[in-house]
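Peer 1: Next come the chains, spelled out residue by residue.
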Amino acid sequence: EAGVAQSPRYKIIEKRQSVAFWCNPISGHATLYWYQQILGQGPKLLIQFQNNGVVDDSQLPKDRFSAERLKGVDSTLKIQPAKLEDSAVYLCASSLGEGGGSTDTQYFGPGTRLTVL
Amino acid sequence: GENVEQHPSTLSVQEGDSAVIKCTYSDSASNYFPWYKQELGKRPQLIIDIRSNVGEKKDQRIAVTLNKTAKHFSLHITETQPEDSAVYFCAASKGSNYQLIWGAGTKLIIKP
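Which chain is which? The protein sequence lines are A and B, in order. 26 is the number of the first residue of the first sequence in this note's numbering; add one for each residue after it. 5 is the number of the first residue of the second sequence in this note's numbering; add one for each residue after it.
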């Protein structure tokens with residue numbers, strides 16, 4: 026079974042520039058998550074999708090971050106404009122997400138390491 | 005909201021000894037408790053999880069215990085090996101429509 030795919034793996038940009046990350050979840054997984062992980066910290070959820078609907082985006086800085094999952098499969102996360110403090114690893118994860126109160130395993134992609142100069 | 009506290013932040017044990025990492029959670033409605041291992045520069049990987057209808061689960065050298073009354077759960081690693089060195093995260097969730105709440109992580113160091 027193929028895992029969660031992410032690209033690019035590394036990105037270096039200057040502050041105020043824009044950047045986009047792409048994620049392809051495991052086939053058949055309805056739920057997709059974007060996390061931000063700053064060095065030395067645990068993952069912080071930015072946004073959670075179930076199919077193409079947003080379940081939770083309470084921690085997404087909406088003035089600069091946006092995410093979409095238009096067809097309920099792939100997803101993109103965009104930062105515009107980037108700030109120095111956005112330097113982090115951006116992790117995408119997916120789960121079966123059958124809902125109904127059950128919780129299932131989240132599988133993570135390799136992440137995109139963003140450096141903002 | 006839900007809060008998960010994890011201790012210790014760093015744990016150093018001799019190879020072959022046991023390691024125990026503890027987490028406490030605040031929301032009594034939480035019913036799913038996974039543990040993730042993250043090696044340096046790699047993605048978090050699930051190593052074991054437990055649901056609120058059981059008190060203990062084992063998988064070879066790894067075990068997790070859950071005390072719902074006290075609202076804490078622990079990861080136990082026996083016969084530690086150098087490849088166990090990593091950062092371990094606990095997490096808690098109320099269900100798939102709710103986010104996982106993560107602990108701050110424990111850096112486990114296995115001394116040869």
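The hints are simulated quantities; they were obtained by calculation from the structure and are not laboratory data. Each residue gets a CB set at the ideal place from its N, CA and C atoms; glycine is no exception. Among the hints, a few may not be true.
Think about it this way: if two alpha-carbon atoms lie no more than 25 Å apart in a straight line, the pair counts; the simulated SDA-like pairs of lysine to any residue are [claimed, not checked]:
no., chain 1, residue 1, chain 2, residue 2
1, B, Lys111, A, Lys87
2, A, Lys69, B, Ala33
3, A, Lys69, B, Leu50
4, B, Lys115, B, Asn57
5, B, Lys46, A, Leu95
6, B, Lys98, B, Gly45
7, B, Lys111, A, Leu71
8, B, Lys98, B, Lys115
9, B, Lys46, A, Asp88
10, A, Lys87, B, Asn7
11, B, Lys61, B, Gly45
12, A, Lys36, B, Lys26
13, A, Lys69, B, Gln18
14, B, Lys115, A, Leu64
15, B, Lys62, B, Gly5
16, A, Lys69, B, Ile113
17, B, Lys111, A, Gln66
18, B, Lys26, A, Asp129
19, B, Lys98, A, Ser112
20, B, Lys111, A, Ser112
21, A, Lys103, B, Ile105
For each label pair, taking beta carbons as the anchor points, the in silico distance ranges come out as [unchecked claim]:
no., chain 1, residue 1, chain 2, residue 2, range
22, B, Glu83, A, Gly53, 42 to 52 Å
23, A, Glu110, B, Gln64, 33 to 43 Å
24, A, Trp47, B, Gly5, 41 to 51 Å
25, B, Lys75, A, Asp99, 37 to 47 Å
26, A, Glu39, B, Ala33, 38 to 48 Å
Some chain B residues judged to face chain A by a derived CB distance under 8 Å, without partners named [as the list claims (entries may be wrong)]:
no., residue
27, Pro86
28, Gln103
29, Leu104
30, Trp106
31, Ala108
32, Gly109
Peer 1: Does each hint fit the structure? Answer for all of them.
Peer 2: Okay, the hints, checked on the actual structure:
1. With a C-alpha separation of about 32 Å, the suggested pair Lys111 of chain B and Lys87 of chain A falls outside the 25 Å cut-off, and the hint is violated.
2. Distance restraint check for Lys69 of chain A and Ala33 of chain B: the Cα-Cα separation of roughly 21 Å lies within the 25 Å cut-off, and the hinted pair is therefore satisfied.
3. The suggested pairing of Lys69 of chain A with Leu50 of chain B holds, with an alpha-carbon distance near 16 Å, which does not exceed 25 Å.
4. Pair hint Lys115 of chain B plus Asn57 of chain B does not hold up; C-alpha atoms about 36 Å apart against a cutoff of 25 Å.
5. For a cut-off of 25 Å, the pair hint linking Lys46 of chain B to Leu95 of chain A is broken: about 28 Å separates their Cα positions.
6. Our distance criterion of 25 Å between C-alpha atoms is broken by Lys98 of chain B and Gly45 of chain B, whose separation comes to about 29 Å.
7. For the given pair, Lys111 of chain B sits about 24 Å from Leu71 of chain A by alpha-carbon distance, which is consistent with the 25 Å threshold.
8. Distance restraint check for Lys98 of chain B and Lys115 of chain B: the Cα-Cα separation of roughly 37 Å exceeds the 25 Å cut-off, and the hinted pair is therefore not satisfied.
9. Using a Cα cut-off of 25 Å, the hinted pair Lys46 of chain B and Asp88 of chain A is violated, with the two alpha carbons roughly 29 Å apart.
10. Distance hint between Lys87 of chain A and Asn7 of chain B is fulfilled; the C-alpha atoms sit about 23 Å from each other, no more than 25 Å.
11. Of the supplied pair hints, the one linking Lys61 of chain B and Gly45 of chain B is violated, its CA atoms being roughly 28 Å apart against a limit of 25 Å.
12. Pair hint Lys36 of chain A plus Lys26 of chain B does not hold up; C-alpha atoms about 36 Å apart against a cutoff of 25 Å.
13. Restraint check for Lys69 of chain A and Gln18 of chain B: the C-alpha separation of about 32 Å exceeds 25 Å, so the hint is violated.
14. For the given pair, Lys115 of chain B sits about 23 Å from Leu64 of chain A by alpha-carbon distance, which is consistent with the 25 Å threshold.
15. Proximity of Lys62 of chain B to Gly5 of chain B is assessed by CA-CA distance (about 30 Å); at most 25 Å being required, the pair is judged violated.
16. Pair hint Lys69 of chain A plus Ile113 of chain B holds up; C-alpha atoms about 24 Å apart against a cutoff of 25 Å.
17. The suggested pairing of Lys111 of chain B with Gln66 of chain A holds, with an alpha-carbon distance near 11 Å, which does not exceed 25 Å.
18. In summary, the hint linking Lys26 of chain B to Asp129 of chain A is supported, as the alpha carbons are separated by about 22 Å, within the 25 Å threshold.
19. Distance hint between Lys98 of chain B and Ser112 of chain A is unfulfilled; the C-alpha atoms sit about 30 Å from each other, more than 25 Å.
20. Of the supplied pair hints, the one linking Lys111 of chain B and Ser112 of chain A holds, its CA atoms being roughly 22 Å apart against a limit of 25 Å.
21. Our distance criterion of 25 Å between C-alpha atoms is met by Lys103 of chain A and Ile105 of chain B, whose separation comes to about 23 Å.
22. The beta-carbon spacing between Glu83 of chain B and Gly53 of chain A, approximately 37 Å, falls outside the hinted interval of 42 to 52 Å.
23. For Glu110 of chain A and Gln64 of chain B, the hinted distance range of 33 to 43 Å is satisfied, since their beta carbons lie about 41 Å from each other.
24. For the pair Trp47 of chain A and Gly5 of chain B, the beta carbons lie near 30 Å from each other, so the given range of 41 to 51 Å is not met.
25. Look at Lys75 of chain B against Asp99 of chain A: about 38 Å separates their beta carbons, and that is inside 37 to 47 Å.
26. Range check, Glu39 of chain A to Ala33 of chain B: about 45 Å between beta-carbon atoms, so the 38 to 48 Å window is met.
27. Hint status for Pro86 of chain B relative to chain A: violated, with the closest Cβ pair at about 22 Å, above 8 Å.
28. Because the closest C-beta pair between Gln103 of chain B and chain A is about 5 Å apart, less than 8 Å, the hint holds.
29. For Leu104 of chain B, the interface hint holds, since its Cβ comes within 8 Å of a Cβ in chain A; the closest pair sits about 7 Å apart.
30. Interface hint status for Trp106 of chain B: upheld, as the beta-carbon distance to the closest one in chain A is roughly 4 Å, under 8 Å.
31. Interface hint at Ala108 of chain B: satisfied, since its Cβ lies 6 Å from the closest Cβ of chain A, which is below the 8 Å cut-off.
32. Interface hint status for Gly109 of chain B: upheld, as the beta-carbon distance to the closest one in chain A is roughly 5 Å, under 8 Å.
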